[in-house]
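Chemist: As given, the protein sequences belong to chains G and Z, one line each in that order.
Numbers 1 to 257, taken from our numbering, label the letters of the first sequence in order.
Numbers 1 to 307, taken from our numbering, label the letters of the second sequence in order.
Don't read these hints as lab results, they were simulated from the structure.
Using N, Cα and C, we set each Cβ at its ideal position, and we do this for glycine too.
A couple of the hints might just be wrong.
Said to hold, decoys possible - Chain G is faced by these chain Z residues, among others (derived, beta-carbon under 8 Å):
no. : residue
1   : Val-85
2   : Phe-90
3   : Leu-106
Unchecked claim - Straight line, CA to CA, 30 Å or less: simulated DSS-like cross-link-like pairs of lysine-lysine:
no. : chain 1 : residue 1 : chain 2 : residue 2
4   : G       : Lys-253   : Z       : Lys-75
5   : Z       : Lys-75    : G       : Lys-16
6   : G       : Lys-17    : G       : Lys-251
7   : G       : Lys-16    : Z       : Lys-101
What follows is each chain in one-letter form.
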Amino acid sequence: MIRLIQNEFYKTFRLKKLYIFMAILAVHAWLTVHFYNAGGEWKSVILMPNGQSLPLTLLNSMAQFMTVFIPIYVADLITGEVKTGTLKMSLLRPVQRIEWLNAKIVSLFVFMTVLLVFSIAAECAIGTLAFGWGEQTLYAGSLYTQTEGVWLTLRLSFSMLLPYMACGMIVMFIAVSATNISTTIGLSIGVLTATQYLNAFEQLKPYSIVNQMYFFHEYVYQINGEAAAQNIAVIAGYIAVFYLVSAIIIKRKDFIL
Amino acid sequence: MGNKILLEVRGLTKTFGSRTVVDRLNLRIEEGDIYGFLGTNGSGKTTTIRMITGLVHPDAGEVRIGGFHLKSQFKAAISLVGAIVENPAFYTYLSAYDNLKLTANLLPWVTRKRIDEVLEIAGLSDRAKDKVGTYSLGMKQRLGIAGALLNRPKLIILDEPTNGLDPQGMKGIKELIAQLAAEQGISFLISSHLLHEVEQICTKAGVIRKGKLIAEGEVRQLLASGEETVEIVTSEPDKAEQLLRSASEVISVSRSQDQLIVRTNGDCSFKLNQLLMTSGVHIRTISRRPRTLEQFFFDITEGGGEP
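Please model the entire structure based on the sequences and the hints provided.
Modeler: Below, the structure written as C-alpha cells:
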C-alpha cells in the first residue's frame, strides 16, 4: 500500500497539470491584487490590503477553481488509467483493487493539500510584494495579531480540505463509473454546478457540497458546536457514502482494457 | 517437459448480457510449456486471459496459478505471473526506466539491478532513459516483456504479442520468447491469431471457438492427426484422378495440369502410391505436404472466421 502511494506521488509530481493549476492560482491572486491597485478597490474582495490577510480573503474563490481542478485531476487519476490501460501496471501485480483505490484517494488528498499550501504561500508572497506583510490580519470584520492571523489562516484553510475531499469522493464515484475522461470531467462539473442550485433552498443549503466548499471555513470560524457538527456530519457522510460506493464498483468491475 | 502444473483453469465461464463469451473452459499449463492459445477474433481468448489475470471476474469456474487460488490467494498467485494483456500500457510521459521503476516498486523483492537486467534482455538499455511516448510499437512490446520479466515469473502471459508489429519486430519477439523459455525455463501462454507464429514457437496449443476449447494438445501431435494432403505429379493425370476418386480414404482431388492435390482422411500416401502403381499409372513424384497449424485450425473450426 505504501509503495502504491509512493508511485502515486511520483506520478502526481511529474504531471504538468499540477504546475499549470498552481500557475492559475498564482495568476488569480496576482490579478486580484493588480485590479485592486489599479483603482478597482471599490469592487474588490480585498478589504485590508496586506500579505497576511490575502489568503483568507481569497479562500472562498479557491472553491471555484477546485470544482474544476478536482474533476480534471481525478479523471486523469482514475478514468485515464482505466482508459489507457496503465491501471494494468498495478492490477497485474500483487495489489488488491481496494488498495489501488485507497492509494488514489491518498494521492487526491495530497494533490489538494499541495494546491492549498501553494495558494496560501503564493497569496502571502504576492500580497506582501504588493502591499507589504501588514500589522494585522482581517477576517470576517475582526482584526487579529500576526500570530493569531497566521494560526487562523492555517486552521481555516486546512479545514477546507474536508469539503474538497467530499467533492473529490463524488468525482471519484463518477470516475470509476465513467468510461472516458471527458465524461468524467463533464459530468462531475455538471453535477457540482447543479448542486449549487441547492443553495436556493435554505433548508437544503447545508447539504450542498459546493456550498460547503465555498463557506465551510466560515462555519468553522463561527464554531458553534451543533452547527459545526452538522456541517462536519454532512461532509463526512458524503465522503463515507461515495467511498463505499466507489469501492464496491471497483471491486466488482470487469476491466475490459 | 516438466509435469508440475503452473496454470489450471477449470470450468471458466463468462457471460456478457445474454452472450456467453467463455463457456466452461478448462486449461492446463505445465512447467516448460509454451502454450499457443488460438482462436478467431471474438472467440473468447482475451476474456479468458483477463479472467486468468484477475481483470475480469468469472461467472463460474476457478483459476489456480502455481496451486494458489486466484480469487482467495490473489497476491500469491499473481506473483508467479508476468503478463501483457491486450496492449502493453505505460505512462508515456515517463522514461522506460521510470516505468519499470514504478512496477518494481510494487514488487518488494525486485532490485534496481533487476531493472537494468530486464532492459538488457529486452534490448532496450540504450533507450532506457527516453520517454516511452517516443517508442515504436515494437519497442513498447519489448518493454512490456521487460516489465513482465521483472518479478522473475514462472509463467508469462502474452495476449497477441506481435499485434501490429512489422516482420522484423515479430521476429525479435519470437526470438526473445524462445530465448527466455530455453535459458530461464519460463513457461508461456501466448494468445494469437497468427498461426504460423504459434506453430514456430509453441510446444502445445489449444483452440477456442465460441468460448469453448475445441482442441488441445502438443503441436506436433495436433499436426500429425486428422487429414493429410498428398501431392502427386504424373504423366497420366486423367487416369490417376479417376482411380484416386474411387479410393475410400480420399476426401477430395484437385488438379492443375499434371499435378494432383489429394486430401485424405489419414496417413495414406503409401496406400495411394500402391494403388496408382498397381494400376500401371506412371508417377513422377509423390510427396506428403506437411500439415500446418493453419490447416489444422481451419479443419477444426470448419474455416469459421479469420484466425
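Chemist: Compare the structure with each hint and give your call.
Modeler: Evaluated hints:
no.	hint	in the structure
1	Val-85	holds, 6 Å
2	Phe-90	holds, 7 Å
3	Leu-106	holds, 4 Å
4	Lys-253(G) with Lys-75(Z)	holds, 18 Å
5	Lys-75(Z) with Lys-16(G)	violated, 33 Å
6	Lys-17(G) with Lys-251(G)	holds, 29 Å
7	Lys-16(G) with Lys-101(Z)	holds, 20 Å
Checked against the numbered hints listed earlier, the structure breaks hint 5 alone; every other hint is satisfied.
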